Amino acid sequence: MVVADYSPETINIEQESDIVTARQVGRNMSKLFCFGTITQSRIATSISELARNIYLYAGTGTITISPIERGGVIGLQITANDSGPGIPDIRQALDDGYSTSGALGAGLPGVRRMMDEFEIHSTLGEGTRVVVVKWSDQAKEE
0 MVVADYSPET INIEQESDIV TARQVGRNMS KLFCFGTITQ SRIATSISEL
50 ARNIYLYAGT GTITISPIER GGVIGLQITA NDSGPGIPDI RQALDDGYST
100 SGALGAGLPG VRRMMDEFEI HSTLGEGTRV VVVKWSDQAK EE
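All residue numbers for the sequence shown refer to numbering that gives the first Met the number 0, where the first residue is 0 and numbers rise by one.
Hint data in this document are derived by calculation from the structure and do not stem from the laboratory.
For clarity, every value in this text was computed on a predicted model and none was experimentally measured.
Among the hints, erroneous ones may be present.
As the list claims (entries may be wrong) - Pairwise CB distance ranges, derived in the manner of DEER restraints:
{"hint": "1", "residue 1": "Q91", "residue 2": "S6", "range": "35 to 43 Å"}
{"hint": "2", "residue 1": "Q91", "residue 2": "E116", "range": "20 to 28 Å"}
{"hint": "3", "residue 1": "D136", "residue 2": "E8", "range": "18 to 26 Å"}
Virtual Cβ for every residue (Gly too), placed ideally from N, Cα, C.
Make a model of the complete structure from these sequences and hints.
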């Protein structure tokens, strides 16, 4: 399977049902690239958490799911972008249990644990960008 043959898919997050759509696109793409079932669930859950954060905190934004390849290993890169209020304290937002919405506070810390790479940039008044990568199960078997 040649990753270059597949285009990234971007889902606009504007309503709650878009969270489900983004999750399903991620699950389908992870199946297409033969990720294991546990890894598929981690990808879908991470997308759901990132999309829910966009919906709850920014109102609108995008989730882009991109097949990538590095050193012959296939991965999926998920990019969550919004133009919301930004995160005042990223370190605190990454603490388990921290939430400004009354939720469990498992979103960003959980995504960080489930994915292989995690990067977050946020500017107050401008928005937040989270980029995560999950590598195929083949990478862990070698």
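Right, here's what the structure says about each hint:
{"no.": "1", "hint": "Q91 to S6: 35 to 43 Å", "result": "holds, 36 Å"}
{"no.": "2", "hint": "Q91 to E116: 20 to 28 Å", "result": "holds, 21 Å"}
{"no.": "3", "hint": "D136 to E8: 18 to 26 Å", "result": "holds, 21 Å"}
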